[in-house]
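Novice: So the chains spell out like this:
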Amino acid sequence: MRRFVLIAIPYLWLLALFLVPFLIVLKISLSDIALSRPPYAPQLDLAAGWEGLKSFFSELDFENFTFLTTDDLYWKAYLSSLKIAAISTALTLCVGYPVAYAMARAPEEWRPTLLMLVILPFWTSFLIRVYSWMGILSNEGVLNQVLLWLGIIDTPLQIMNTTTAVYIGVVYTYLPFMILPIYSALEKLDGSLLEAAEDLGCSRLEAFWLVTWPLSRNGIIAGCFLVFIPTLGEFVIPSLLGGSDTLMIGKVLWEEFFSNRDWPVASAVAVVLLLILIIPIILFQRNEQKQREAEG
Amino acid sequence: MRRFSWFNTVSLTLGFAFLYLPMVLLVFYSFNESRLVTVWAGFSTKWYGELLRDQAFLDAAWVTVKVAVFSSTLATVLGTMAAYVLVRAGRFHGRTLFSGMIYAPLVMPEVITGLALLLLFIGINLDRGVFTIVLAHTTFAMCYVSVVVSSRLTTFDKSLEEAALDLGCSPFEAFRLVTLPIIAPAVISGWLLAFTLSLDDLVIASFTTGPSATTLPIKIFSAVRLGVSPQINALSTIMIAIVTVGVITASILSKRAAVAQRRDEQAAIRAE
Numbered sequence: 001m002r003r004f005v006l007i008a009i010p011y012l013w014l015l016a017l018f019l020v021p022f023l024i025v026l027k028i029s030l031s032d033i034a035l036s037r038p039p040y041a042p043q044l045d046l047a048a049g050w051e052g053l054k055s056f057f058s059e060l061d062f063e064n065f066t067f068l069t070t071d072d073l074y075w076k077a078y079l080s081s082l083k084i085a086a087i088s089t090a091l092t093l094c095v096g097y098p099v100a101y102a103m104a105r106a107p108e109e110w111r112p113t114l115l116m117l118v119i120l121p122f123w124t125s126f127l128i129r130v131y132s133w134m135g136i137l138s139n140e141g142v143l144n145q146v147l148l149w150l151g152i153i154d155t156p157l158q159i160m161n162t163t164t165a166v167y168i169g170v171v172y173t174y175l176p177f178m179i180l181p182i183y184s185a186l187e188k189l190d191g192s193l194l195e196a197a198e199d200l201g202c203s204r205l206e207a208f209w210l211v212t213w214p215l216s217r218n219g220i221i222a223g224c225f226l227v228f229i230p231t232l233g234e235f236v237i238p239s240l241l242g243g244s245d246t247l248m249i250g251k252v253l254w255e256e257f258f259s260n261r262d263w264p265v266a267s268a269v270a271v272v273l274l275l276i277l278i279i280p281i282i283l284f285q286r287n288e289q290k291q292r293e294a295e296g
Numbered sequence: 297m298r299r300f301s302w303f304n305t306v307s308l309t310l311g312f313a314f315l316y317l318p319m320v321l322l323v324f325y326s327f328n329e330s331r332l333v334t335v336w337a338g339f340s341t342k343w344y345g346e347l348l349r350d351q352a353f354l355d356a357a358w359v360t361v362k363v364a365v366f367s368s369t370l371a372t373v374l375g376t377m378a379a380y381v382l383v384r385a386g387r388f389h390g391r392t393l394f395s396g397m398i399y400a401p402l403v404m405p406e407v408i409t410g411l412a413l414l415l416l417f418i419g420i421n422l423d424r425g426v427f428t429i430v431l432a433h434t435t436f437a438m439c440y441v442s443v444v445v446s447s448r449l450t451t452f453d454k455s456l457e458e459a460a461l462d463l464g465c466s467p468f469e470a471f472r473l474v475t476l477p478i479i480a481p482a483v484i485s486g487w488l489l490a491f492t493l494s495l496d497d498l499v500i501a502s503f504t505t506g507p508s509a510t511t512l513p514i515k516i517f518s519a520v521r522l523g524v525s526p527q528i529n530a531l532s533t534i535m536i537a538i539v540t541v542g543v544i545t546a547s548i549l550s551k552r553a554a555v556a557q558r559r560d561e562q563a564a565i566r567a568e
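One line per chain: the protein sequences are A and B, in this order.
Position 292 (the first sequence) corresponds to 292 in my numbering; numbering is contiguous.
Position 140 (the second sequence) corresponds to 436 in my numbering; numbering is contiguous.
Quick caveat, the hints were computed from the structure, so don't treat them as lab data.
Values in this document were obtained by computation on a predicted structure and should not be read as measured data.
Heads up, a few of these hints could be off.
[What the hints assert, rightly or not] DMTMM-like cross-link-like pairs, simulated, lysine to aspartate or glutamate; straight-line CA separation at most 25 Å:
1) B/Lys551 - A/Glu187
2) B/Lys551 - A/Glu109
3) A/Lys188 - A/Asp61
4) B/Lys551 - A/Glu108
5) B/Lys454 - B/Glu561
6) A/Lys27 - B/Asp423
7) A/Lys188 - B/Asp453
8) B/Lys342 - A/Glu140
9) B/Lys454 - A/Glu293
Based on the sequences and whatever the hints tell you, model everything.
Specialist: If you want it as structure tokens, here you go:
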């Protein structure tokens with residue numbers, strides 16, 4: 001009995017506030033927009049009994065999904081989100097790997113401090129970290145001032161409100177997610193393996209490429225997914241740093257809902273985004289499972 | 297031990313400069329006299345004064361703290377229960393669905409979670425405000441708590457609990473007297489995590505709030521959409537300072553607790 005209550009409380013909570021909301025999204029994505037409150041039809045009328053239920057289901061259709069394929073905006077936004085997420089994941093890897101590598105090679109007594117320095121920004125507000133780049137990248141911002149002063153450029157660079165600024169924002173905010181898994185893979189690496197490789201005639205670079213890189217692969221994969229998955233649905237970074245030509249699906253969904261007030265289309269956008277996300281999420285979980293099996 | 301090469305030194309320096317320089321600049325310009333954030337016009341703390349006199353910001357800060365305290369506490373209770381169920385309850389009907397619902401919110405885009413919850417609240421005609429934000433934050437934060445707590449639960453020695461049960465404890469007493477003290481560090485870090493997630497959240501709060509409740513991130517977001525503002529720099533500085541002090545204190549305390557625990561364990565072994 002006690003066990004039942006223990007299971008039931010969190011279970012019911014998640015059912016009511018996680019699963020049911022998604023069923024509602026799914027349902028509204030199949031509905032039509034209507035001039036009513038709430039602004040969609042049909043409404044489920046339980047008082048009408050079986051007939052009401054039947055007419056309710058007969059009015060649901062895939063019209064919104066067909067609409068998504070006919071309007072350029074949506075599939076372009078999905079593609080551009082995928083592209084931005086992929087490129088910024090690669091960039092984060094390029095920045096994060098050397099840092100993780102150096103941390104794992106650092107003297108042992110430094111490591112806890114270095115680790116804390118990587119985690120600390122994660123506890124600081126995400127919004128503030130994105131905002132901090134607005135003062136750096138704007139036309140009269142710090143970066144342009146420094147470059148002008150150094151004489152590298154004559155006119156300020158337009159970085160703010162471009163996709164480049166979005167890349168910088170993503171790399172900056174998600175860097176700890178890339179560093180931590182790679183660091184924990186590299187830290188476990190047995191140094192004698194590298195010595196063996198060098199004894200057997202590998203150059204340092206070869207030893208890195210043949211030993212270190214493959215052994216840190218699980219960390220790299222985990223880090224890449226941890227950056228890629230949240231970036232795909234990102235809203236804050238493109239809306240603060242990106243420009244009008246930066247198309248990302250999280251922003252489209254937000255505007256569809258708050259500006260256009262088209263709930264059925266916003267719901268359909270959400271459903272398709274979820275379907276796209278399922279693939280990387282399953283791959284990520286598989287990777288985690290493999291790692292756990294390898295360790296256990 | 298290999299020599300710490302110049303390459304590693306350079307990557308560490310550049311990496312940490314990249315991580316910290318933007319925040320250092322943010323703090324630096326919060327003490328700027330000029331309204332133009334990027335033109336240095338002398339030292340001044342006037343933006344802090346202006347911030348503290350701005351009632352709208354103070355109200356938003358109060359709402360945010362209220363939401364964070366309630367939701368993180370509720371999330372810690374529910375998340376610890378969920379972790380216990382995942383690790384200790386064995387098989388039961390719908391276990392796969394349960395663990396799916398624990399892990400899914402971790403990877404769910406915030407815009408979708410926010411939209412889904414808003415549609416639920418509208419569907420059941422719930423007035424939106426502090427209460428609905430608390431419900432929303434509790435739901436996603438409890439999943440983070442349960443991940444943190446369950447990783448601690450899986451590593452600790454189950455025989456300790458069994459010993460307590462053998463010695464006549466009820467299951468609840470065994471949990472309170474044996475399990476809880478051992479997993480306490482994980483529960484506390486789960487609470488802290490839930491608290492910061494709630495403080496930080498813009499997207500889900502924007503969806504689930506009503507006209508009566510504006511949280512700090514919503515306020516910040518609407519202020520910075522139009523550009524950089526020295527008041528927001530001052531506010532950011534205060535928040536960064538609080539987090540830094542909090543994290544450093546927490547890490548010192550947990551280090552001390554770990555040392556004390558090791559000492560106790562060694563004393564127990566010696567006493568045997």
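Novice: Determine for every hint whether it applies to the structure shown.
Specialist: So, going through the hints one by one against the coordinates:
1. Our distance criterion of 25 Å between C-alpha atoms is met by B/Lys551 and A/Glu187, whose separation comes to about 21 Å.
2. About 14 Å separates the Cα atoms of B/Lys551 and A/Glu109, which keeps this hinted pair within 25 Å; it holds.
3. As the CA atoms of A/Lys188 and A/Asp61 are separated by approximately 53 Å, the hinted pair breaks the 25 Å bound.
4. With a C-alpha separation of about 17 Å, the suggested pair B/Lys551 and A/Glu108 falls inside the 25 Å cut-off, and the hint holds.
5. A C-alpha spacing of about 16 Å is found between B/Lys454 and B/Glu561, which places the hinted pair at or below 25 Å, so the restraint holds.
6. Taken as a hint, the A/Lys27 and B/Asp423 pair is honoured in the structure, with Cα atoms around 22 Å apart against an allowance of 25 Å.
7. Between A/Lys188 and B/Asp453 the alpha-carbon distance is near 24 Å, which keeps this suggested pair within the 25 Å criterion.
8. Between B/Lys342 and A/Glu140, the direct Cα distance comes to roughly 22 Å. Compliance with the 25 Å bound is thereby established for this hinted pair.
9. A distance of roughly 21 Å separates the Cα atoms of B/Lys454 and A/Glu293; the hinted pair therefore holds under the 25 Å criterion.
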